[in-house]
Amino acid sequence: MSTQAQAVIGALYGDEGKGLMVDRLAAATPGAVVVRSNGGAQAGHTVLGEAGTRHVFHHVGAGSFAGAATHFSRFFVAHPMLLLDELAALGQLGVKPEISSDPRAPVTTPFDVIINQALELARGTARHGSCGLGFGETIERNLRPEFALSMKDLFRPDLHARLVSIRDAWVPVRLAALGITALPAELAAALADDITIARFEADCAAYLDRVALWPDRRLCERGPVIFEAAQGLELDQDRGAFPHVTRSNTGLANMLAISAEAGIAELDATYATRCYTTRHGAGPLKGQGNRIWRVSSCFIASNRFKDSPLIWRLRWI
Numbered sequence: 000m001s002t003q004a005q006a007v008i009g010a011l012y013g014d015e016g017k018g019l020m021v022d023r024l025a026a027a028t029p030g031a032v033v034v035r036s037n038g039g040a041q042a043g044h045t046v047l048g049e050a051g052t053r054h055v056f057h058h059v060g061a062g063s064f065a066g067a068a069t070h071f072s073r074f075f076v077a078h079p080m081l082l083l084d085e086l087a088a089l090g091q092l093g094v095k096p097e098i099s100s101d102p103r104a105p106v107t108t109p110f111d112v113i114i115n116q117a118l119e120l121a122r123g124t125a126r127h128g129s130c131g132l133g134f135g136e137t138i139e140r141n142l143r144p145e146f147a148l149s150m151k152d153l154f155r156p157d158l159h160a161r162l163v164s165i166r167d168a169w170v171p172v173r174l175a176a177l178g179i180t181a182l183p184a185e186l187a188a189a190l191a192d193d194i195t196i197a198r199f200e201a202d203c204a205a206y207l208d209r210v211a212l213w214p215d216r217r218l219c220e221r222g223p224v225i226f227e228a229a230q231g232l233e234l235d236q237d238r239g240a241f242p243h244v245t246r247s248n249t250g251l252a253n254m255l256a257i258s259a260e261a262g263i264a265e266l267d268a269t270y271a272t273r274c275y276t277t278r279h280g281a282g283p284l285k286g287q288g289n290r291i292w293r294v295s296s297c298f299i300a301s302n303r304f305k306d307s308p309l310i311w312r313l314r315w316i
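Numbering that gives the first Met the number 0 puts the first residue of the sequence shown at 0, with every later residue one more than the last.
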């Protein structure tokens, strides 16, 4: 059982090639487990397999093509609805990763997504560039114990009652705090429809069929550890340009906390970067110059937008 671990961290604003590096480390580390140390389904780490296969990893660790297992740490925000889609896509490529999760990992509900999307729409032309997947709203809700939902809570016999409480008690309070007095019709319909909860409960049941409970403190029993961070250091909640940051620690902080629990004594960290940096959406990008490319004229396959007017900016390092 090793007390050493490897780590891959983005040095900039994301899109630095973390997935590629994790894939290479996993290929050189038989029996590895890739630990998601922050973020959630909004991450997108692209890996090209030797046979020409390609996948953008959101939940599942980017070492999966190399046979590595995946572990969701207590700092990773799980999104049952989207994990199932990703597993189906990987299954078509012949990849069936082993996945475990710390019981404390927060879980996104459809209501977090609704609030997130409503807030971003309400910003109009001043949008932050949110992916709209409910990541930050999940963390906000989990600050309230009576509305919190984590991996272990998916086993609760009163899960349905908790979800109803989130919808009926939490959502109105949160929307009021954000100054949102009315939802767009599509979001309002999804919020009011009981089928939203029913479908989410079905997703949670399927999620539990694929994800095993495994505490962070026993990580080393699973194999050599490779930490995979999401986003980049310039988006860290404690050092980035607020409010244009992600709601997580994108560097070593979470990894060190997990390592302390797991008995990992040494971390070998790789900081990923390119000869240029990019930034999606709003927020400062020093030295970007006067030229700004829109996605329609400067497109990279791993950076896709849907229904977004936000620009994609670049500068040389």
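One thing to keep in mind: the hints can contain errors.
Computed list of lysine to aspartate or glutamate pairs in DMTMM-like fashion (alpha-carbon distance at most 20 Å, straight line) [claimed, not checked]:
#: 1; residue 1: 95; residue 2: 235
#: 2; residue 1: 151; residue 2: 139
#: 3; residue 1: 95; residue 2: 202
Keep in mind that the hints were calculated from the coordinates and are not lab data.
Now the hints, each set against the structure:
no., hint, in the structure
1, 95 / 235, "violated, 31 Å"
2, 151 / 139, "holds, 18 Å"
3, 95 / 202, "holds, 18 Å"
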